[in-house]
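Q: Sequence:
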Amino acid sequence: MIPMKKKDKKDAVLPWVFLLQIMALCFVIPTGPVARAETEGFDGLVEPRLVVKLGSAAFGVIEKIHVDRGDNVKEGQVLATLQSGVEKATMELAKTQAQFEATVQARKAELDFAVRNQERRKELFEKKTLPLQDWDETETRRILAEISLKEAVEKQRLAEMEYRRALETYRRTIIKSPLTGVVVERFMHPGEYIENQPLMTLAQIDPLYVEVVMTVANLGIVEVGQKATIRPESPVGGLYEAEVIVVDRVLDGASGTFGVRLELPNPDYRLPPGLKCKVMFHR
Numbered sequence: 001m002i003p004m005k006k007k008d009k010k011d012a013v014l015p016w017v018f019l020l021q022i023m024a025l026c027f028v029i030p031t032g033p034v035a036r037a038e039t040e041g042f043d044g045l046v047e048p049r050l051v052v053k054l055g056s057a058a059f060g061v062i063e064k065i066h067v068d069r070g071d072n073v074k075e076g077q078v079l080a081t082l083q084s085g086v087e088k089a090t091m092e093l094a095k096t097q098a099q100f101e102a103t104v105q106a107r108k109a110e111l112d113f114a115v116r117n118q119e120r121r122k123e124l125f126e127k128k129t130l131p132l133q134d135w136d137e138t139e140t141r142r143i144l145a146e147i148s149l150k151e152a153v154e155k156q157r158l159a160e161m162e163y164r165r166a167l168e169t170y171r172r173t174i175i176k177s178p179l180t181g182v183v184v185e186r187f188m189h190p191g192e193y194i195e196n197q198p199l200m201t202l203a204q205i206d207p208l209y210v211e212v213v214m215t216v217a218n219l220g221i222v223e224v225g226q227k228a229t230i231r232p233e234s235p236v237g238g239l240y241e242a243e244v245i246v247v248d249r250v251l252d253g254a255s256g257t258f259g260v261r262l263e264l265p266n267p268d269y270r271l272p273p274g275l276k277c278k279v280m281f282h283r
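Here the sequence shown stands for residues 1 to 283, where the numbers follow our numbering.
Note that these hints are calculated values from the structure, not bench results.
Any given hint could be a false lead.
Below, simulated BS3-like cross-link-like pairs (lysine-lysine); rule was C-alpha separation at most 30 Å, straight line [what the hints assert, rightly or not]: (1) K227 with K278; (2) K95 with K150; (3) K53 with K64; (4) K95 with K155; (5) K64 with K227; (6) K88 with K74; (7) K176 with K88; (8) K150 with K64; (9) K95 with K108; (10) K176 with K53; (11) K74 with K276; (12) K64 with K108; (13) K53 with K74; (14) K108 with K122; (15) K150 with K74; (16) K122 with K150; (17) K176 with K227; (18) K64 with K88; (19) K64 with K95; (20) K53 with K88; (21) K74 with K108; (22) K176 with K108; (23) K95 with K176; (24) K74 with K64.
Using the sequences and the accompanying hints, generate a full structural model.
A: Here it is as structure tokens:
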């Protein structure tokens, strides 16, 4: 056996080292778009859950506005009131009339008396000691008493309906918030006449929506109920968890994309809408 020289041994080892380096590189090269999506994330935009241009159900002069731009509001909170002197007076009058029960009570008393009187005279009439004309008069009074009571009850019911109508008219002059959120913009001031124009814009920002546009190549990797990590752009930053609530079932053929919507809790209003973000979907 001929011994190998030192140089020959080095030359024999080099091909194996080169092969091992190539094999190592194969394990670190990304293999497709899914791997990039999990590491780099998809571009997303944080938006309010709901934006409302608040108007008024009634026309009139604005008496007072209780909030301004940037204020937090609660659902049902009074935001503004219109001048309502006439509506309030009408409502109070209708309320008094609806609660007035003396007429109904008087008609009940008249009917009770007519019934008792008829019962007393019935025995006399059956014994032929009461003339037919007197008996007919007694029965007629009882019938008229019944009709009077029904009329009084019907008037009472109409008065209650009129009160409810007047109350609703008065309530329409009080503008309340339909949601819990923030005032984005205010358009009008006290003393102005509101008709068809909006009074202010409100936004519900808890929860928030995160809108993502994905290419058709990513179709099938996201489903409703799937969790995702949201990383807002600077200077907000941080990591937040959201859940997929909508995956569009109709694609945009022109761009070859589809939309995904995620719901992002925002109880402390820490995240402002309008932020760009990265969305990393969980597996």
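Q: Broken hints, numbered, in rising order?
A: The structure breaks hints 5, 8, 12, 15, 17, 21 and 22; every other hint is satisfied.
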